[in-house]
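Using the sequences and the accompanying hints, generate a full structural model.
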Amino acid sequence: MFEAFLDGLAGMGNPAVIGAIVLGTVLGVLFGVIPGLGSVIAMTLILPFTFGWDPIIAMYVFAGIIGTASTGGGVPAILLNTPGTIANVCTTFDGFPMTRRGEGGRAIGLAATASALGTLFSIVVLAALLPLAEIMLRAFTPPDFFWLIILGLIAVTFASRQNMVKGLAAGGVGILIALIGFSPVFGVRRYTLGSEYLWDGIEIVPLVIGFFALSELIVYTSRGGSIARDANVNLGGFRQIMRGAVEVFQYKAILLRGSVIGTVIGAIPGAGGAVANFLSYSTAKQASKTPELFGTGYPGGVVASESSNDAKDGGILLPTLTFGIPGNGEMVILMGAFVLHGIQPGRDLLVNRLDIVWAIILGVIAAQVLTTIIILGGGAWLARISLVPVKYIAPFVAILSFIGVYAVRSNIWDVALAVFAAIVGFSMRRAGFPLITLVIGFVLGQLAEEKFTQSLQISGGGYSIFFTRPVSIILLLGIVFMLGWSMYKAAKKNPAPQRAEP
Amino acid sequence: MTRINGFNLGVYAFLLTIALSIVLGATAYAGKQQLTAFVIGVPTITLLVFLVLAEVTPRLVKLTGAFGVSEDDAPQAAEDDAGASPGGMETGSWWRIGIVYGWLLLYFAMTLVFGFYIAIPVFMVLFLTIESRLIPVFAVGVMVAAGLPLYIIFRLVLDIPLWPGILPRIIPGVIGGGIVPQLN
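Chains as they are written, first to last, in the working numbering: chain A, 1 to 502; chain B, 1 to 184.
Think of the hints as simulated: they come from the structure by calculation, not from any bench.
We treat Cβ as the ideally placed atom computed from N, Cα and C, and that holds for glycine.
Keep in mind that the hints are not guaranteed to be accurate.
[As the list claims (entries may be wrong)] Label pairs and their calculated CB-CB ranges:
1) A/R189 with B/R133: 46 to 54 Å
2) B/L35 with A/Q344: 19 to 27 Å
3) A/Q454 with B/G141: 54 to 62 Å
4) B/A13 with A/I473: 33 to 41 Å
5) A/D355 with B/A145: 48 to 56 Å
6) B/F38 with A/V480: 20 to 28 Å
7) A/P131 with B/P149: 42 to 50 Å
8) A/A10 with B/A28: 53 to 61 Å
[Said to hold, decoys possible] Not close to chain B: a few residues of chain A, all C-beta gaps over 10 Å, as computed:
9) G11
10) V26
11) P97
12) V125
13) P131
14) M136
15) E247
16) V260
17) L279
18) T290
19) D348
20) F396
21) V424
22) F481
[To be verified] Here chain B is said to cover these stretches of chain A; the calculated rule only asks that three of the stretch's residues, wherever they fall, bring their Cβ under 8 Å from a Cβ of chain B:
23) 172-178
24) 389-395
25) 410-423
Shown next, in the form of structure tokens:
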């Protein structure tokens with residue numbers, strides 16, 4: 001593993017790698033500072049264009065976006081009281097009051113440095129845990145992997161506090177549509193309805209572009225207007241920014257707590273940056289001797305918020321790289337990139353493709369450093385980008401989406417599929433279905449079938465193999481616990497719901 | 001009288017149709033080839049039927065509450081104006097949603113017929129003028145300023161072939177003459 005790290009480090013001098021990191025960072029920061037866009041759309045839009053690239057270069061681009069979007073989102077949160085991403089909400093509590101006092105630059109300095117240190121902490125933890133995860137993976141057999149996929153789907157719905165029935169139904173539909181087309185397990189084509197277009201199954205790129213980029217376009221364009229409100233962007237000079245950057249170290253305990261919370265919460269599929277953000281902020285407030293200062297422009301509040309939302313990056317990569325269980329939208333698109341580039345997460349990745357693993361880890365670190373420099377140097381300029389109304393951005397998102405979808409297979413019907421997926425995705429979201437579970441089901445569907453079939457081959461057709469292995473039993477207990485707890489909480493919350501009579 | 005959320009019901013019915021087609025279609029395959037569809041499909045269909053029943057049978061709401069179907073999902077959440085959804089999504093009115101989706105359909109239709117080289121500038125100018133309310137001259141300026149880098153990056157640098165449209169060939173290799181791939 002150390003040799004792969006050194007190889008990765010040496011490879012960072014490659015101009016293509018530098019270009020990929022710069023591209024990812026710029027995209028991540030731009031999509032992060034514009035409220036309503038975010039890293040998932042940035043990753044979705046760039047995904048098809050990476051097809052045919054060297055996978056290492058592609059991973060550096062994705063790592064650049066993953067490592068930067070929530071850092072960029074802190075800028076409008078501080079200067080305009082509008083969080084760039086949902087994981088920056090708590091930054092507004094103290095960041096914007098600081099701006100109103102004329103200390104916007106100080107808050108930007110605090111946020112950028114706290115974000116960088118939070119990311120660094122979580123990435124070091126990730127690098128330290130990867131060898132252990134590889135050892136753990138050896139204990140996993142096909143039935144265990146099958147349950148792990150099911151557990152992953154349930155965990156995402158459970159942790160994101162979405163409707164459990166709808167989340168599981170969406171996940172099930174995702175797995176079912178993944179079965180369409182050629183099955184590598186059986187070597188036959190299934191469920192194609194006689195259509196040649198479906199011979200290779202439903203392509204991931206049109207599906208995710210439709211679900212995430214185009215359905216989001218419908219949401220924000222139909223709403224109209226600029227999300228961010230104009231404000232007097234007062235940074236107070238470069239000296240003030242640097243003062244904030246150094247001042248972070250006066251809040252060591254808050255910084256460390258935020259980084260730990262971000263890393264741990266990030267590793268739980270479905271929990272994500274927003275949960276880490278609120279938990280870190282409220283914990284910092286509870287632990288403080290002066291809790292009344294939080295929310296009044298207290299620098300520690302900015303540190304608590306920004307350290308946690310970036311520390312989630314290392315945590316969230318752990319289940320994705322080791323078990324192939326993506327915990328949030330970013331990771332789903334990263335899994336899509338793995339599929340597009342023929343990379344298999346899990347043991348194969350950790351043993352045979354460590355270059356990919358280190359490309360992601362080093363890419364996140366390099367992008368974070370670059371973002372910190374960009375934000376410290378151009379925070380006010382970035383805040384002004386937040387004021388661009390989305391109605392001007394929408395046609396570019398549509399154009400990039402269409403070109404991107406077409407570029408992968410040069411099939412115009414893929415564009416039609418993306419347009420169809422946009423309305424399906426929008427409708428599902430409107431009806432309260434979490435799209436992420438459908439896409440996770442879709443990405444993991446074929447793997448689920450492969451592991452299910454392998455299990456039956458091992459057992460000679462007996463189903464007891466799914467209920468007798470120690471790891472399977474632990475995973476099953478996890479599934480039962482999550483379903484039971486979810487039902488208990490929901491029953492407690494809605495003891496006897498009444499329907500309104502009009 | 002209880003109002004049923006027809007929109008939610010439509011979404012459930014659509015997902016149910018997909019799940020049913022795959023599970024029923026699985027019966028045509030032999031042995032293990034149909035197993036995954038059954039193992040995943042049957043619980044999925046059960047959950048979707050459950051959602052449909054909860055939507056049309058008020059008494060089931062109490063039961064579904066225990067499974068995480070909150071009151072937000074109850075029929076009275078149906079709104080004439082889209083507004084905030086059970087998923088916490090803030091959108092414009094249904095009319096606005098229809099218009100935006102109409103733009104996407106129009107852009108696809110233009111791309112299919114005329115190809116990317118004509119559809120992109122026309123769509124951009126139309127959208128920026130009508131939807132974004134830019135003055136036409138400014139919209140054309142934005143189109144040129146943004147279209148040129150797009151052409152340089154995607155066509156010249158990345159060498160991505162762009163769909164020429166189904167029109168008879170007008171400018172070989174650029175506009176018209178696209179062979180539509182087999183759909184069935």
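* To do: Please name the hints from earlier in the document that this structure breaks, with their numbers sorted from lowest to highest.
  => 5, 20 and 21
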